[in-house]
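Protein chains: 2
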Amino acid sequence: MIKNITLKELADQLGISVSTVSRALTDSYEINIETKKRVQELAKKLNYQPNPFASFLRKHKSRTIALVIPEISNNFFSLVIKGVETICQELDYYVLIYESHESFAKEARILNHLIGGRVDGVLISVSSETKSSDHLKELLERKINLVMFDRVMDDLDVVKVSSNDYISSFDATEHLINRGCKRILFLKAGEQLSTMQKRLSGYRDALLKNKIDFDDDLIKTFHPYKELELEDLTKVIKETKPDAIFCTVEHLAIACYDVCQKLNINIPKDIKVITFSNLKVARHLNPSLSTISQPAFEIGKLIAKTLINEIEGKETDALKEIELDCTLIKRDSTR
Amino acid sequence: MIKNITLKELADQLGISVSTVSRALTDSYEINIETKKRVQELAKKLNYQPNPFASFLRKHKSRTIALVIPEISNNFFSLVIKGVETICQELDYYVLIYESHESFAKEARILNHLIGGRVDGVLISVSSETKSSDHLKELLERKINLVMFDRVMDDLDVVKVSSNDYISSFDATEHLINRGCKRILFLKAGEQLSTMQKRLSGYRDALLKNKIDFDDDLIKTFHPYKELELEDLTKVIKETKPDAIFCTVEHLAIACYDVCQKLNINIPKDIKVITFSNLKVARHLNPSLSTISQPAFEIGKLIAKTLINEIEGKETDALKEIELDCTLIKRDSTR
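Top line first, the protein sequences correspond to chains A and B.
Here the first sequence is numbered in the working numbering, starting from 1 and rising by one per residue.
Here the second sequence is numbered in the working numbering, starting from 1 and rising by one per residue.
You may find that some hints are simply not true.
Any copy, or any two copies together, can satisfy a pair, since identical chains are not distinguished.
Stated by the list, open to error - The calculated lysine to aspartate or glutamate pairs, modelled on DMTMM-like cross-linking and capped at a C-alpha distance of 25 Å, are:
| hint | residue 1 | residue 2 |
| --- | --- | --- |
| 1 | K280 | D332 |
| 2 | K106 | D325 |
| 3 | K301 | E312 |
| 4 | K314 | D92 |
| 5 | K209 | D171 |
| 6 | K82 | E102 |
| 7 | K198 | D134 |
| 8 | K269 | E231 |
| 9 | K241 | D213 |
| 10 | K106 | D270 |
| 11 | K8 | E141 |
| 12 | K220 | E174 |
| 13 | K44 | E141 |
| 14 | K209 | E227 |
| 15 | K137 | E9 |
| 16 | K82 | E229 |
| 17 | K226 | E90 |
| 18 | K131 | E141 |
The hints are simulated quantities; they were obtained by calculation from the structure and are not laboratory data.
If we strip away everything but chain A, and leave its shape as in the complex, we get (with noise of 0.2 Å):
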């Protein structure tokens, strides 16, 4: 077993004393350049390695930073996911990844753990169960800094990031309407998440505008935290007959596919369909998929810079809230 080599023998080797060691390893001031050329070749030579615990203490700084999430086989989380590395990477952060598994327990449970000092700073989005941000309030009080990103809570005083939501979803709405849809089924993940809420207002405010009355039965709710049950898809369809099918997640949109081939309903021609979505194949499935795509990686890098810029305690002109768009793209199955 290699001993790992510690300061001090660093020190006697180079016959100096142990803080100028550690003053030279961090490249301080007030050591000249030879001194710490001499000990950081030694250090190299030696593979030394500085205990990253010890240096958290010392300096109460982990240059961590944690990663919360609903889930990570999602493309728009492993596009954020990308997207912080990247800028994690350039600025020498490291990125922990937790995932909260739509579980609002789960989620409580990582923060009361990272409340123990693990990390400088958190981005969140938080689960579907979510209703209160107690937990997340705690974090803010404890001094952590905190960046939250498409599902947000309203009351916290934080940096927001999330996608244009609301004109998105008009958008969408609007060119159902425009291929003629008139009973378009608005499918939601979740009760009480900012990302559903303005989604939802989106679509009603493009059926006010095309005068097409805001019907109640056509607006219903399947919790991701619940497996998706295809024969209750297969109930709303039928009980419904919707001419359009608005999924405000992916893998709702998928359901439809497969309940629509079960049933021997035609997309487009019977039931055209449309979904926020980051899948990479949508342009290769049967009918290829109208998407509405969320700047995911563009996220993922502005959450990551705005978090460490707080966390350095550096001067932004960051907005408090802050929407990217998103890109509508119409292929078969809205044709």
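Fit chain B to the known structure of chain A by using the hints.
Leaving out everything else, chain B in the frame of chain A:
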């Protein structure tokens, strides 16, 4: 700012010693139930947070493991993550997820960081650039447990879990031969990966058994750390004129769909396509995509269990090399 409650403060309020408080909180058998209850109730009431770093320094155990993978945005790896997290949650371990982005330099940097003592063990699937296992040997020399999966290295004496790449590849090739294919283009992602070698052997032996000459010109490599150029793939397909394409990774199959669409080549009439993939929407592609699906979730659970057993010094009867079966799902792309 809320001050963290210390063990000392708990002890003072209860009029008992710090070590009694500490042992009561870790549920030591040396402390009677009455006292444990009093301590735990006060700790809960005052929201006592154990300092994870102090606890690390004391026990030299962080109850944290690292999962190092080439990329998160790949259905195989995101399902592995789910399996790992399922077990870690059950057994009260934390998972830190690191992406090498198919770069050996990044992978080596991650491991160098982990050597510093941040985790008790490491799960890894190496990058496609990784040729030497020296960076992994150093981990072992420092007594950090290691379990490899999917993309493993032959020269390391650790538990390795993969899927049955040879047999799956043999069966998939024979499926194509049974559908009348004779010129099967085999697309590799990376040169030295263990998975690619085994998949190529299965392909070669299936040809041999069916008396079809092995043609070196039909074996092509696309490097996953370079952006795939559709022109390159177009050129390969035009030059080799295959009647089938066997893709070793999912994104190559999607690229084949792109190229065939552009060249007006009909799948499956002109060219049949099969791929290793855990893509959920494979059944909805146009045409639906035949896949060899790896037991990704099961692999995740198995590697996490094995690693934690090793960390905790538990006897296991785990074999050194474990291969789990894949599922061949025949769909329209090979009809």
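### Hint check against the structure, violated hint numbers in rising order
The structure conflicts with hints 2, 10 and 14, although it agrees with all the remaining ones.
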